[in-house]
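So the protein sequences, as listed, match chains A and B.
Going left to right, the first sequence walks through residues 1 to 215 as my numbering numbers them.
Going left to right, the second sequence walks through residues 1 to 82 as my numbering numbers them.
The hints are simulated quantities; they were obtained by calculation from the structure and are not laboratory data.
Predicted, not measured: the structure shown is a model, and the values here were computed from it.
One or more of the hints may lead you astray.
What the hints assert, rightly or not - Not close to chain B: a few residues of chain A, all C-beta gaps over 12 Å, as computed:
#1 1
#2 18
#3 42
#4 69
#5 78
#6 112
#7 179
#8 184
#9 189
#10 196
As the list claims (entries may be wrong) - Estimated spans, in silico, between C-beta atoms of each pair:
#11 74/A x 22/B: 36 to 44 Å
#12 23/B x 122/A: 22 to 30 Å
#13 116/A x 19/B: 22 to 30 Å
#14 191/A x 42/B: 23 to 31 Å
#15 66/A x 19/B: 55 to 63 Å
#16 42/B x 133/A: 29 to 37 Å
#17 46/B x 78/A: 41 to 49 Å
#18 46/B x 124/A: 42 to 50 Å
#19 21/B x 141/A: 24 to 32 Å
#20 152/A x 46/B: 27 to 35 Å
#21 21/B x 127/A: 20 to 28 Å
#22 19/B x 10/A: 19 to 27 Å
#23 51/A x 42/B: 43 to 51 Å
Here a beta-carbon is modelled for each residue, glycine too, at the ideal position from N, C-alpha and C.
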Amino acid sequence: MIALGICRAEEADGLPYLPCPTEAGCGLAVLLSEGDARTRLGECLSLQERGVTFLPFAPARAPSAAQACGWLAAHGPEMVARLAEVAGRAELLVTLDRPPMPVGAMDRDAARSGRSWLRACQTRHARHRALEQSLRDMVADHVACQGAALSILPGQRPGRRPGSPVEGALLLPVADIPAVARALHVACPADVTCRTTGPWPVFAHAATLLLPEAA
Amino acid sequence: MPAAEPDALLISPRRAVTSNDTTLVELVDRVLDRGCVIEGELWLTVADIDLVYLGLKAVLTTPDRVTREQGKGRTGTAERGT
Numbered sequence: 001m002i003a004l005g006i007c008r009a010e011e012a013d014g015l016p017y018l019p020c021p022t023e024a025g026c027g028l029a030v031l032l033s034e035g036d037a038r039t040r041l042g043e044c045l046s047l048q049e050r051g052v053t054f055l056p057f058a059p060a061r062a063p064s065a066a067q068a069c070g071w072l073a074a075h076g077p078e079m080v081a082r083l084a085e086v087a088g089r090a091e092l093l094v095t096l097d098r099p100p101m102p103v104g105a106m107d108r109d110a111a112r113s114g115r116s117w118l119r120a121c122q123t124r125h126a127r128h129r130a131l132e133q134s135l136r137d138m139v140a141d142h143v144a145c146q147g148a149a150l151s152i153l154p155g156q157r158p159g160r161r162p163g164s165p166v167e168g169a170l171l172l173p174v175a176d177i178p179a180v181a182r183a184l185h186v187a188c189p190a191d192v193t194c195r196t197t198g199p200w201p202v203f204a205h206a207a208t209l210l211l212p213e214a215a
Numbered sequence: 001m002p003a004a005e006p007d008a009l010l011i012s013p014r015r016a017v018t019s020n021d022t023t024l025v026e027l028v029d030r031v032l033d034r035g036c037v038i039e040g041e042l043w044l045t046v047a048d049i050d051l052v053y054l055g056l057k058a059v060l061t062t063p064d065r066v067t068r069e070q071g072k073g074r075t076g077t078a079e080r081g082t
């Protein structure tokens, strides 16, 4: 069995779960699944839609039930606090992108000399950083929800095209997500495309806490 | 919590999961595989000449995970445990 996420035992009623022996009073459970990663993603979305407060594992990286339970035994109180923080909240994923740079002399030269290649890299990175700053500014200036937290997600992964979009996960009260999405679209600079999706389970905000040890 | 899409500007996760739009497919792919990645870069420049560029991409995970992943692609490497 694969661990889907962590929730309070009373919220796991009616769901497949494994109660974990954590420190006295924690009362946590590991939600379980037998499906593949995509099925697990669907199950996480269903839990989110039902209003279950849980900390999901990234579906493709989820640990086994035993691993998760063993890890939880040592992190019970921490998880209880984390669950309280995310109760009633979900993630709004915001993706900002710019049209690709036109192919110019710099790009043609990039393959000819190391210096030109470095210059091209530097320009791409500068554009990426500027886009990231745009996202931070948009959130700072136009998101007034109490306790809103932005997490900029890893931008470039092997195999992805250079100058990839900037993506951020904004942790918000679920009810505020549509209004915040509209505000961000209005605030988006003219030369930038903005895409908002949500509400997602708190994958990004749970990942930093859970993955390094639990995976 | 309603699953309905309340707004044209807000794409629901259900729609993203079933979409063929490349951007949404990539997004779902990243949600599936969300992890902790550290990225860094270092430029050593003297008199406006870039001498050294160092790029870093590091994935935070356990040795157990690394050995399992490597085992799928090739054998005989990374036998170190925890």
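Does the structure break any of the earlier hints, and which numbers would those be?
3, 7, 8, 10, 13, 15, 16, 18 and 22
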